[in-house]
Amino acid sequence: MKRLFFLLSIVPLTIFSQNRFTISGAVKGENGEPLAFANVLLNKNNKYAVADGDGKYIITDVRKGNYVISVSSLGFGTLTQNIAVSGDLVLDFTLNESVQNLDDVTVIGKSEATKISQKAITISSLDLKQVADLSLGAEEVLKTSTGVVVRQSGGLGSNVNINLNGLTGQAVRIYYDGIPIQVYGSGIQLNNIPVDALERIDVYKGVMPVDIGTDALGGGINLIPIAQNDDNLRTSYSVGSFNTHRVTLNGNKNFSDKTALSVLSFFNYSDNDYEMQNIPSIVENLDENGNVLSVSEETIDTDRFHDQHTSAFAEVALRLKNRTWADQFVIAASYSSRFDEIQQGNFIISTSVGKAEREIDGFNQRLDYRKKLFNDKAELRYYGILSNTTTKSNDSTTAIYNWRGEVLRTPNTSGSEIFAIPTLREGDELGTAHRLLFNYAINQSLDFTFSEFYRYSRIKGDDPVGNRLTINGESIDPNTVPSKLNRNIIGIELEQRLFQDKLTAIGFYKNYMYSAESIDILAGAATVLPIRQVDDDENGFGFALKYQVAPAVFIRGSFERAIRIPTETEVFGDFGAILPNYELRPERSENLNVGISFEKGFGNGSYASLKIDGFIRDQQDLIRLEDLGPENAVYVNEAEVDGKGVEVSARITPIKNLNFSGNFTHQSNEIDEDGTASAGTSEGVQVPNIPTLFYNIGAVYNLNNIFKSQNNLQLSWTYFHTDRFSINEVNDLDTANPDFVIPVQNIHNAGITYNIPQQGLSFSLNVRNIFDEEVFDNFRIPRPGFNYAFKINYKL
Amino acid sequence: MKVQFNLMQLRWNVFLSLLLAVIFVACSDDDDSNTEPAGTTDDDVTMTDDDASMTDDDMVEEPENKSSGFVIVGSTSSGSELVKYSEELPTGNIDLSDGKDFAAFFPVALYDNALYMARVDNSAGFSKVVVDADGEVVEEAVIPTIDDGSFQIAVKDSETGVFQDRATPDIISIFNPTTLEVTGNIDLSAGLVPGDIDQRYQRFMFRGDDVFAPIRGNDLGESFPTLVVHQGNVGTGTFVGDTERIGNGFSDILYFNDFGQNVLDSQGNLYIVDAGNVEGQGVPARVNKIPAGSNEIDPDYTFEPAAILNPANVFLPTVFTFYVVPGTDTAIAVVNSETPQEAIDIVLDAGGLENLTNEQLNQIFNILFTAASARWCELDLVNQTVTPIDGIPPVGVFAAGSVFTHEGDYFIPVATPDETAYYRWNATTGAVSQAFTISGADLVGVFNIANNN
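First to last, the sequence lines map onto chains A and B. Everything in the first sequence is counted per the working numbering, starting at 1 for the first residue and increasing by one. Everything in the second sequence is counted per the working numbering, starting at 1001 for the first residue and increasing by one.
Treat the hints with care, as some may be off.
What the hints assert, rightly or not - Pair ranges (Cβ atoms, derived):
{"id": "1", "chain 1": "A", "residue 1": "424", "chain 2": "B", "residue 2": "1209", "range": "41 to 49 Å"}
{"id": "2", "chain 1": "A", "residue 1": "382", "chain 2": "B", "residue 2": "1349", "range": "45 to 53 Å"}
{"id": "3", "chain 1": "B", "residue 1": "1112", "chain 2": "A", "residue 2": "475", "range": "48 to 56 Å"}
As the list claims (entries may be wrong) - Reference listing, derived: stretches of chain B covered by chain A, where coverage requires no fewer than 3 residues with Cβ under 8 Å from a Cβ of chain A:
{"id": "4", "region": "1119–1130"}
{"id": "5", "region": "1152–1158"}
Bear in mind the hints are in silico, worked out from the structure with no lab data behind them. Where a beta carbon is used, it is the ideal one built from N, C-alpha and C, also for glycine.
Modelling step: build the complete structure from the supplied sequences, incorporating the hints.
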């Protein structure tokens, strides 16, 4: 790990260093009025700028060369001009008022996130460029999206649970660049990716397009890594509370217009030793002989002491471009490593975990091939990945710890802290995933998409101290018997645009096939190694409609009959109390979204957008754990849940450089059929432990030319509110047992960023939970109080 | 720690009470009216700004907890529990959906109107739960443990109870149920444990100062081919011995925990009922007897109710929820009686027991564990006879609920997909009627807090 950190620190910056120039100037209308928010765009390297309130713009880091510069503004015609850059340029532009009606002008320069958010399928796309200078993790940005609840069991790197429109766990899939993130072998996860490493986060709510979707029941979250097209090198370092350090290093070098080499890497370290308040901690009471007579509990404020997290990821990619056989061919190799100490189980009890830890190392290789065909009418993309991951779990100790970090006199007779018995399991997973995408424009208004996704994984390991099965008198470590999983998902999609593209209609079909193979743990009396295989074949479909009512207003609706394939544990059990159920069916959900969007610029920099979306989820065959006999349990298909909700997202820019944003979610997830022995007892009751109302409000204020010309200062503030909810199943929160109600939580975060574009430098300071509120996450696990992070970014 | 806090609070209350008594004596015109009620707490005392004006009316006595009534408990589909209190014997239907919610609520002992169980917030330890004067079910105090899987606690009388912290497999602790103070430990490490692994105690059964405790493996709940029972003495705090019921030598014999202390007959004989083998290996559940005056399981007493009720029931000849009717030689229990036709069909389709595949065996046990194939029966412990109680519908052999008594009648739980109810049974007349039904949650049990265990 130290070597990797050292490697990240000494990557020869000089190979990326070269002359960069600045293009700056002002944009005004024919009457000389400055055109705020005019878009100035270069045709290469994704360089663009948006004019400030005075119509001034600046594009930095422009390499020597020839470009086409385009300038546009709402209500004005677009101006394009060839320019040659060999030094700093000052270019002023005057735009003519468009002869078109203002409402007909197409606004150009929309970010990719904006474009995606305006698709027929309901997607919330979070553009991370806006927050790239801040010291944030991807999971923290995700909290600002409507409909998303992010919970963690500790600090940096701790387990993350995503609740999307009320669905959680396996129902919500996480993707990295369109591939299920598990394929990358746990080395990279939502909880350790810094915002600098990502371009944006796309949140798919309920309906998944065929080019992304696998078997997600309630939607998915796609983490898009930063695009690396132009020559650049960007590095950052942040230091913050709880001895937290984060380093990123990303860069790209174009050796010609056909060959490029890029690197994407990050490193995280944190002690996560934040203070928790009112924690029960065990105390041993001794008799006169010094023996433990009894134990008691004290309630203390204490620092977490065994929650260290270290993770690193580095990928090197060779990109071949503009070849006769490929528009782009990327071959990449990456290495990831993470180490986590474990501080507690699922919730806080009076003893802590002081020894258990987990280490994961992964090596991945991937290919990404893209080629346009048939005069650019078609595009073919193949994406394949091969990963080898080693996971080492160590839960083996003779000690018991209290929350003061003290070892008790009472020995740990079970020999473990998390699991029922000790484990020193080392598991090797071979994983591979392949996605083939083919888009074809049948005509100008009709597109066809075909997607084929295949995934295979094979897990094998050993545990020298773990559980054993006896087969034909021989003791077998079940970990040594490989588990295999095959999934194949085919999708086809047609997109039709009508009425001058005002109406977009999408229809799609998906076929899910899977098979899994594992040892049959119930076959204790078997004389040969009992291997069990299950397979299934399911179909899903959906459609989406979007109608552009006016240039600033569209309405949309989408529907999907989604499928979630059972996990291996759900089918094969856990080699312990949970028994297999080979007849388990996939979960199903019919997801409906409807929404309306308004977005308009009002001149003089004023801007407003308002999006209102509603959703309905009819979830069937939900898999729940049911007791079987007095001591065992089995997963069964019985529960049904009806979900519904409304989400409101607003952005307002009332005056120059000041932006407000708000995201509001109110949702309900009622148990429709509980599948219990006395069926119907829970009907109409809210699914517990899910917030029903939450919102966040943010404000950003930009000050230009602070201390020095072109240097900017950005101030930001965000307020998060989560209404109370119970972790128990209750009819009425007002009469619920207050001991199990998570109280209202209010969190205020703030940030300040000073940007020196001429030197490629920026400094930021984030302060989270400013008022040091007592906040909780899953099962009342305390989250950090007041904390901060300082970050420096440097860009060549 | 709540126990410590309560003890400190008690001392503080005594001090306050004495102080107030002094003030009261000093301020009162009536020298005979200063007797302090026992058990007064902080809340009992209402102080005014003008202490000098304090009179008898200013002394507010703390309302006492309920000493009678019924606590009704059910589980939600999400795994939490809903609890209601009824001052009178429930009638009609009890809807638990608006009951008080707890993360867990599984009583294993009842004494002096208090319920004892693993902690109601899923923390490590045990809760003492009472019904306060307002009829609210509240956790009064706790006994913390190190291991959050500790689950077995039992009460002998107002002064003595035992529990096990599973962090110390060889030791059981003696406590005072009134104060929840731990007064001592019994080291049972000398007891027999097959395989020499750590044990957990499935239940504690008292006979005088002797406590008998069947064992299973601590970490994974391992069972053994014999039923092993350890014995300690709460008076001396010492290990007494062990005894075992021998099986067929290779099939595991299970023991499931049960509610309460109804294990002694009119002669003082102690009955420990195992579940037999529940994996179809042909070892029926047995009522084991430790005769009065003996510490050993009587090898000649081989009462196997399921085998008697239906000798053809070879798959799951088990017994659950055993309850000796106090002062008699009769017990009530759920005895598995039938093999569901659905399971028989699987055997026939396979061409016989010997041809069953693992999957078919799994299917059969899924059916056996969930089908309403068992009967509530009256067991004659002397003559070793089994008589189904007419009028009580068949139940699943592992169906939830515990028996309670009221006005001399027995209230027997019936939880099936068709109904969740308690049936009233008069052992003398044999009369059976449905007493009340329960909705809004899956039945855990109903507890008459006026009755000890």
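Hint check results:
1. 424(A) with 1209(B): 41 to 49 Å: Given a distance of about 45 Å, which is inside 41 to 49 Å, the answer is holds.
2. 382(A) with 1349(B): 45 to 53 Å: holds (48 Å)
3. 1112(B) with 475(A): 48 to 56 Å: For residue 475(A) against residue 1112(B), whose Cβ atoms are near 50 Å apart, the range 48 to 56 Å holds.
4. 1119–1130: It holds: at least three residues are needed, and the region 1119–1130 of chain B offers 5 whose Cβ sits within less than 8 Å of chain A.
5. 1152–1158: violated (count 0)
Violated hints amount to a single one, hint 5; each of the other numbered hints is respected by the structure.
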